[in-house]
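These protein sequence lines are chains A and B, in that order.
Numbering-wise (my numbering), the first sequence opens with residue 1 and increments by one.
Numbering-wise (my numbering), the second sequence opens with residue 1 and increments by one.
Watch out, some of these pointers could steer you wrong.
Computed from the model, here is a short list of chain B residues facing chain A with C-beta under 10 angstroms [as the list claims (entries may be wrong)]: (1) Ala-249; (2) Lys-254; (3) Arg-352; (4) Ala-355.
When the alpha-carbon atoms are kept at most 25 angstroms apart in a straight line, the in silico SDA-like pairs for lysine to any residue are as follows [claimed, not checked]: (5) B:Lys-254 / A:Leu-47; (6) B:Lys-354 / A:Arg-93; (7) B:Lys-354 / A:Gly-151; (8) B:Lys-254 / A:Asn-113; (9) B:Lys-260 / A:Gly-151; (10) B:Lys-254 / A:Pro-98; (11) A:Lys-139 / B:Ile-258; (12) A:Lys-18 / A:Arg-61; (13) B:Lys-174 / A:Ser-16; (14) B:Lys-254 / A:Lys-139; (15) B:Lys-254 / A:Asp-140; (16) A:Lys-195 / B:Glu-245; (17) B:Lys-174 / A:Arg-61; (18) B:Lys-254 / A:Ser-101; (19) B:Lys-254 / A:Gly-114; (20) B:Lys-254 / A:Pro-58; (21) B:Lys-354 / A:Asn-143; (22) B:Lys-354 / A:Asn-113; (23) A:Lys-144 / B:Gly-113; (24) A:Lys-144 / B:Gly-349; (25) B:Lys-254 / A:Tyr-14; (26) A:Lys-18 / B:Glu-245; (27) B:Lys-174 / A:Gly-59; (28) B:Lys-260 / A:Pro-80; (29) A:Lys-117 / B:Ile-258; (30) B:Lys-174 / A:Val-62; (31) B:Lys-354 / A:Leu-142; (32) B:Lys-260 / A:Asn-143; (33) B:Lys-254 / A:Val-62; (34) A:Lys-144 / B:Gly-269; (35) B:Lys-254 / A:Thr-57; (36) B:Lys-237 / A:Arg-61; (37) A:Lys-117 / B:Leu-259; (38) A:Lys-18 / B:Glu-242; (39) B:Lys-354 / A:Ser-150; (40) B:Lys-237 / A:Arg-93.
Honestly, the hints are just simulated from the structure, not real lab data.
Glycine is no exception: its CB is placed at the ideal position from the N, C-alpha and C atoms.
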Amino acid sequence: MAKRIDIGGLTAFYGSHKAIEDISMTVEPRSVTAFIGPSGCGKSTFLRTLNRMHEVTPGGRVEGKVLLDDEDLYGPGVDPVTVRRTIGMVFQRPNPFPTMSIYDNVAAGLRLNGSYKKNQLADVVEKSLRGANLWNEVKDRLNKPGSGLSGGQQQRLCIARAIAVEPQVLLMDEPCSALDPISTLAIEDLIGELKERFTIVIVTHNMQQAARVSDRTAFFNLSAVGKPGRLIEIDETERIFSNPSVQATEDYISGRFG
Amino acid sequence: MTTTDTSVQEHPTPTPPANGTTLRSRSLPRWAPLAFAAVSIALGVGIGSAAGWESRIQWGLVSAILFVAISYAATTAVENERQAKDRLATSLVWVCFLLAIVPLASLIWTTVGRGAEVLDGYFLTHSMAGVLGTEPGGGVYHALIGTLEQVGIATVISAPIGLLTAVYLVEYGKGGLARAVTFFVDVMTGIPSIVAGLFILSIMLMAGLQPSGLMGSLALTILMIPVVVRSTEEMLKLVPNELREASLALGIPKWRTILKVVIPTAIGGITTGVMLAIARIAGETAPIMLLVFGAQLINPNPFEGAQSSLPFYIWEQYRIGSEASYDRAWAAALVLIVFVMLLNLVARGIARWKAPKTGR
Numbered sequence: 001m002a003k004r005i006d007i008g009g010l011t012a013f014y015g016s017h018k019a020i021e022d023i024s025m026t027v028e029p030r031s032v033t034a035f036i037g038p039s040g041c042g043k044s045t046f047l048r049t050l051n052r053m054h055e056v057t058p059g060g061r062v063e064g065k066v067l068l069d070d071e072d073l074y075g076p077g078v079d080p081v082t083v084r085r086t087i088g089m090v091f092q093r094p095n096p097f098p099t100m101s102i103y104d105n106v107a108a109g110l111r112l113n114g115s116y117k118k119n120q121l122a123d124v125v126e127k128s129l130r131g132a133n134l135w136n137e138v139k140d141r142l143n144k145p146g147s148g149l150s151g152g153q154q155q156r157l158c159i160a161r162a163i164a165v166e167p168q169v170l171l172m173d174e175p176c177s178a179l180d181p182i183s184t185l186a187i188e189d190l191i192g193e194l195k196e197r198f199t200i201v202i203v204t205h206n207m208q209q210a211a212r213v214s215d216r217t218a219f220f221n222l223s224a225v226g227k228p229g230r231l232i233e234i235d236e237t238e239r240i241f242s243n244p245s246v247q248a249t250e251d252y253i254s255g256r257f258g
Numbered sequence: 001m002t003t004t005d006t007s008v009q010e011h012p013t014p015t016p017p018a019n020g021t022t023l024r025s026r027s028l029p030r031w032a033p034l035a036f037a038a039v040s041i042a043l044g045v046g047i048g049s050a051a052g053w054e055s056r057i058q059w060g061l062v063s064a065i066l067f068v069a070i071s072y073a074a075t076t077a078v079e080n081e082r083q084a085k086d087r088l089a090t091s092l093v094w095v096c097f098l099l100a101i102v103p104l105a106s107l108i109w110t111t112v113g114r115g116a117e118v119l120d121g122y123f124l125t126h127s128m129a130g131v132l133g134t135e136p137g138g139g140v141y142h143a144l145i146g147t148l149e150q151v152g153i154a155t156v157i158s159a160p161i162g163l164l165t166a167v168y169l170v171e172y173g174k175g176g177l178a179r180a181v182t183f184f185v186d187v188m189t190g191i192p193s194i195v196a197g198l199f200i201l202s203i204m205l206m207a208g209l210q211p212s213g214l215m216g217s218l219a220l221t222i223l224m225i226p227v228v229v230r231s232t233e234e235m236l237k238l239v240p241n242e243l244r245e246a247s248l249a250l251g252i253p254k255w256r257t258i259l260k261v262v263i264p265t266a267i268g269g270i271t272t273g274v275m276l277a278i279a280r281i282a283g284e285t286a287p288i289m290l291l292v293f294g295a296q297l298i299n300p301n302p303f304e305g306a307q308s309s310l311p312f313y314i315w316e317q318y319r320i321g322s323e324a325s326y327d328r329a330w331a332a333a334l335v336l337i338v339f340v341m342l343l344n345l346v347a348r349g350i351a352r353w354k355a356p357k358t359g360r
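Whenever a hint applies, use it, and build me the whole structure from the sequences.
Given below as structure tokens:
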């Protein structure tokens, strides 16, 4: 199920602007990798290059390699649609489809891909909603619109929608930044459960969150304003937060930044 | 830490000066605007009749000006300058609203009043076959059929073209081609209907075709496409980008994302746009005169032979100039207004029904 990602010398551009430069790292399967760093250092951009969502932005382009179990995502003949089916994504703001019910939202990935058997659909929806710890809250109103749920429930609905297509990897772009502490806790517990089945990469601004949920942490930084973001270091979360090998990481984590 | 705790206020809030200890001030009662209106209308009528003005419009304008002036002056005297300015703005908005509503209300009043005289089941189900223009009788059936068919064909052609053009512009178009398409759509929006009619007429003459409902539809299509493109484009732009990204990130191909996520989200607005475009072309007369020729008989075939249409029928009956034909013209105008109004109601209904749901 879960797959390893090897990134080698990845550079991403918006038009002629270089957003991130020369990033190499390995994301281990069945683990949570957290990306931390100041705003604008390219964490989200880097995350979006991992399932080719970066190129959806006008002018977005990438150099370098992203290997998913030795297969290059940017190799010739690779269909971005297939890549995104394999590597799912959860966004910062909950974005359920407003025209669809809760059930249809979860079923959307399978239905619109055309790859499902009708009698299995209900099972998949239930399994995904259970997987996202949302089943008990919505099982009596599956036909109600998804936009009627609370923010935290909507975000779990989006996670259910993402895991319904059975991806290998789940990318999360600040999934809790728009949520209250209780909903955040629910999502963090969920991440802990999901890592048994998926490889998870999470971008977060909340250092405690990174310390709580992740196995490995990567610290990104800008060398100067207007310069591209770079990977400073990646290590076991415990070591990053107790004894990082780079001074800048320690400064950032302890709040003595700049 | 040397920063002070800013959540605690260091100095007490200064008390207001002693002469303004109360927050209340003298104010006009709530019914004051109504009183101003009554006074100014009375004065307007008085001045108008004293000066012997014939036109009620002059009476109304004088009353309106008096209303604005009286409200301002009275509020300045009783309240204060700021309140007076507020009242001035409010009065101006009301006066403008009434000025805008008067012609509309008068138009509907006259059309309903005069049109209802001959509008009945017979009028709606009979043509002008065998009826002399100067005599009463006859009906609008042939024109109604003509309008429905011509507008229907024009919609069937322009709605898909307009929708697809808008999808191209919003979802795919970049660079020179998209800019060129936008430019030409803007130019097309400004084409007078007679020019669209002449364009199709020149093609018709070159190809040796005969006048028919279809030719009229083609001219209406030219008028309708830019309206559909513009409104659909705006509606598609309103669809949040996050929904597109959410769909793409699920591994859904772009074309299915547009078909199943973007367009359903915007369908209410798109339908409204198409309906308003239909309402716009349903009232066009010039292309029908040139290309459909008009007829007194029922011709249900839009592809062959002359037809009539509601706006053309109105013009035709007005030209005859008899009492009976004027009545028919008014009744047909009422039918046209009701037709357009029904379309608008249907559009609103669809927009409400299809709007993204927020219920819990």
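* What are the numbers of the hints the structure violates, in ascending order? -> 3, 11, 14, 15, 23
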